[in-house]
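Whole structure, please, built from the sequences with the hints as guidance.
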Amino acid sequence: MQIQINSDRNIQADERLAEFVRETLKSKLERFSDHITRIEVHLSDENSSAKQEGNDKRCLLEARLQGMDPMAVTEHAAAVGQAVSGAADKLQRKLSSVIGKLRDKQSRSVSPDFSEPEPAEPEQG
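Counting from 3, one number per residue, gives the positions in the sequence shown under the numbering used here.
Nothing false has been slipped in among the hints.
The list that follows gives simulated cross-link-like pairs (lysine to any residue, SDA-like), each with its CA atoms no further than 20 Å apart:
1. LYS28 / LEU67
2. LYS96 / THR76
3. LYS30 / LEU67
4. LYS28 / ILE101
5. LYS96 / GLU64
6. LYS28 / ARG18
7. LYS92 / LEU62
8. LYS92 / ARG66
DEER-style ranges, computed between Cβ atoms:
9. ASN12 / ASP106: 37 to 47 Å
10. GLN84 / GLN108: 35 to 45 Å
11. SER111 / GLY56: 45 to 55 Å
12. GLU17 / ASP106: 39 to 49 Å
13. GLN108 / ALA80: 34 to 44 Å
14. ARG110 / GLY56: 43 to 53 Å
15. ARG18 / SER111: 45 to 55 Å
16. ASP16 / SER111: 43 to 53 Å
17. ASN49 / ARG110: 42 to 52 Å
18. ASN49 / ASP106: 34 to 44 Å
19. LYS107 / ALA15: 32 to 42 Å
Calculated directly from the structure, the hints in this document are not laboratory data.
Cβ atoms here follow ideal geometry from the backbone N, Cα and C, with glycine treated the same way.
In structure tokens:
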């Protein structure tokens, strides 16, 4: 699972923040790692330094899945770490739902056939 982190000019994306993002995503999304090829993380401060209060930090997570369309979630919070954790929780729930439905669909398509077997045609000789 590849993780790509992008931030706007108002978010200081240092190695400590990148490590926090990677660890958070890996811990919350590890069970989906065989389905996820890449996660793109977009961090931004929506009103920059204009005001210091409110939920102005945004984390958008876009998950790229094998053989499926990408899916995205967004979380706003007062701090970048809270936005990352909240978005990871949302993505975890969304992936659980989507992959669960996919597994149900696959298990139904390979379920045993309990119908009566067709009688064999008599051989003509």
